[in-house]
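**Q** Protein chains in written order, with my numbering: chain A, 44 to 346; chain B, 9 to 263.
Keep in mind that the hints are not guaranteed to be accurate.
Unchecked claim - Mimicking DSSO-like on lysine-lysine, the simulated pairs with C-alpha atoms at most 30 Å apart in a straight line are:
{"no.": "1", "chain 1": "A", "residue 1": "LYS263", "chain 2": "A", "residue 2": "LYS219"}
{"no.": "2", "chain 1": "A", "residue 1": "LYS225", "chain 2": "A", "residue 2": "LYS263"}
{"no.": "3", "chain 1": "A", "residue 1": "LYS183", "chain 2": "A", "residue 2": "LYS224"}
{"no.": "4", "chain 1": "A", "residue 1": "LYS183", "chain 2": "A", "residue 2": "LYS219"}
{"no.": "5", "chain 1": "A", "residue 1": "LYS57", "chain 2": "B", "residue 2": "LYS259"}
{"no.": "6", "chain 1": "A", "residue 1": "LYS183", "chain 2": "B", "residue 2": "LYS259"}
Don't read these hints as lab results, they were simulated from the structure.
The primary structure of each chain is shown beneath.
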Amino acid sequence: MSIVCASQVRKVFKDTEAVASVDFEVREGECFGLLGPNGAGKSTLIRMIYGAVLRTGGDLRVFGIDPGEDSRGVKRRLGIVLQENALDEEMGVRANMLMFARCVGVPRAERGERVDELLDLMALSHRANAQIRELSGGMKRRLAFVRALLGRPDLLILDEPTTGLDPAVRLLLWEKVVQLKKEGITVLLTTHYMDEAERLCDRLMIIDQGRSQAEGSPRKLIRNHRPGVVVTFAGQSTPSEEDLLATGGQVSRDMLGTHLRLPSFQDAEQIVERIGSEHVIVRPTNLEDVFLEITGKELTADA
Amino acid sequence: MRETLRLSWRVALRHWDVYRLNFWTNISPMVSDPAFLLICLGIGLGAYVTDVGGMSYLEYLGPGLAIMAAFWASVFETSYGFFVRNTFENVYDAMMTTPVGADEIVYGEFIWVALQGAGLATGVAVVMALFGVVDPTGLIAIPFVGAATALATGAIGMICSGLIRSITQFHPFFAVVVNPLFFFSAVFFPMDSVHWTLQAVAWINPFYHGVRLGQAALWGEGLGLAFLVHLPALLVSIFLLGWLARHLIRKKLIL
Numbered sequence: 044m045s046i047v048c049a050s051q052v053r054k055v056f057k058d059t060e061a062v063a064s065v066d067f068e069v070r071e072g073e074c075f076g077l078l079g080p081n082g083a084g085k086s087t088l089i090r091m092i093y094g095a096v097l098r099t100g101g102d103l104r105v106f107g108i109d110p111g112e113d114s115r116g117v118k119r120r121l122g123i124v125l126q127e128n129a130l131d132e133e134m135g136v137r138a139n140m141l142m143f144a145r146c147v148g149v150p151r152a153e154r155g156e157r158v159d160e161l162l163d164l165m166a167l168s169h170r171a172n173a174q175i176r177e178l179s180g181g182m183k184r185r186l187a188f189v190r191a192l193l194g195r196p197d198l199l200i201l202d203e204p205t206t207g208l209d210p211a212v213r214l215l216l217w218e219k220v221v222q223l224k225k226e227g228i229t230v231l232l233t234t235h236y237m238d239e240a241e242r243l244c245d246r247l248m249i250i251d252q253g254r255s256q257a258e259g260s261p262r263k264l265i266r267n268h269r270p271g272v273v274v275t276f277a278g279q280s281t282p283s284e285e286d287l288l289a290t291g292g293q294v295s296r297d298m299l300g301t302h303l304r305l306p307s308f309q310d311a312e313q314i315v316e317r318i319g320s321e322h323v324i325v326r327p328t329n330l331e332d333v334f335l336e337i338t339g340k341e342l343t344a345d346a
Numbered sequence: 009m010r011e012t013l014r015l016s017w018r019v020a021l022r023h024w025d026v027y028r029l030n031f032w033t034n035i036s037p038m039v040s041d042p043a044f045l046l047i048c049l050g051i052g053l054g055a056y057v058t059d060v061g062g063m064s065y066l067e068y069l070g071p072g073l074a075i076m077a078a079f080w081a082s083v084f085e086t087s088y089g090f091f092v093r094n095t096f097e098n099v100y101d102a103m104m105t106t107p108v109g110a111d112e113i114v115y116g117e118f119i120w121v122a123l124q125g126a127g128l129a130t131g132v133a134v135v136m137a138l139f140g141v142v143d144p145t146g147l148i149a150i151p152f153v154g155a156a157t158a159l160a161t162g163a164i165g166m167i168c169s170g171l172i173r174s175i176t177q178f179h180p181f182f183a184v185v186v187n188p189l190f191f192f193s194a195v196f197f198p199m200d201s202v203h204w205t206l207q208a209v210a211w212i213n214p215f216y217h218g219v220r221l222g223q224a225a226l227w228g229e230g231l232g233l234a235f236l237v238h239l240p241a242l243l244v245s246i247f248l249l250g251w252l253a254r255h256l257i258r259k260k261l262i263l
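Model the full structure from these sequences, guided by the hints.
**A** The structure is reproduced here in structure tokens:
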């Protein structure tokens, strides 16, 4: 069953087209990733899903409901972690969560217990009485997770959940996402981190300039768009142009050096041995290669 | 409908939760302002202004000051208060991720200013009744008049919050809109003795109608006029201004 179903979704703000035409489907129980450069329209899409932005065109269903018409019906089943955390800074940690528990309709008798249980899950119990502004960035994000989980959501939406966080917090949040997925919660996440997307997402979609560009599992996207192995030569180790072209691989250059993409590790080994250079890096292609190919390397004015 | 009310009430409870945290900070100016005005104008200026429509200036001033407490509380809450919560504190962004929607945020705000207006107007009026400044039998009407006044003037603050883009734009709003509403309201002098242009300002001023209702109740006179003219005028302004406020805030919260 599809939890979110978007077809030709479009949004125009006054004179800018934030989302031109996006199609995707989030299936029950999966983790679906939305990838795209800054300004690609990811956050606008997220806001459309919970009815804080009304679409200009196309069709969008969340749990079969049009969020433009019945956002409350949709939001009853959603948990959302926004990029900017959006915590109520006038209240302390626990009071804050109790207030939100009231807003999502947790029965009065269960509120305290539910809040404490989630604070514990996110390793925040020791800061239950702190003020929001006293929390570190990682704690604020964890608290935003607590809020998102208060209403026992069926779909958890995470808008850049680990941006700006240290590796330990990222790992903690990843573990929680995996755990929640095991419990049957569907996850929709946006991210700029390709390792995050590869690790967490069953399927993902790359959007750029408000349009869907590619969709599939991370493996499938790599296989279809950038299969093989990349050999990177830096500085003096770079072979001559003829040598590179003679390999039959695909050559590209950037600040970091010259990259040669080849079909397999054996091919790469042969080249490296023939050139006899030590200063090379050989690695399999990854989602980042796909992302850069699809979205282009140059920054557009909107980013 | 029932769910909308329930959620709006929860939004109002959030405001009460926060208000309670700094209760004395929040309530002290609302109580001290009328007290100082009563002393300075009622007693100080009142020594020179000895007769206003058959009563002492202190007695004239009393009811208006009670309603004034509702006025200022609602105007501040829905202008600076709302704008800061929306723009700097992300309070509504966060609420919008829960089943609470833009309508509930607006109605919650209205419920909160109405309750605050009722409480403050009544509190001030009760104190004045204890000192014999106003007629205690009229006190029963004051929570309603305070709430209704706060709804109308709160809607004006919310309309402004919906229109402006930067917090500094409240300065002209207070200078050009709030000040005339405050001064041409019959709190400090009866409007029927001034030039007709100023009377016209008063007639379109919902605060004026609120003050007149408060005066009718706490002086125990002019009740017919209050019921037939000022009450309907205040209710109509609540409806019209409230509708506009809801429209503008929705546009701000749902893009």
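**Q** All hints, please: hold or fail.
**A** Evaluation of the provided hints:
{"no.": "1", "hint": "A:LYS263 x A:LYS219", "verdict": "holds, 25 Å"}
{"no.": "2", "hint": "A:LYS225 x A:LYS263", "verdict": "holds, 23 Å"}
{"no.": "3", "hint": "A:LYS183 x A:LYS224", "verdict": "holds, 22 Å"}
{"no.": "4", "hint": "A:LYS183 x A:LYS219", "verdict": "holds, 16 Å"}
{"no.": "5", "hint": "A:LYS57 x B:LYS259", "verdict": "holds, 13 Å"}
{"no.": "6", "hint": "A:LYS183 x B:LYS259", "verdict": "holds, 29 Å"}
Hint violations for this structure: none, all hints satisfied.
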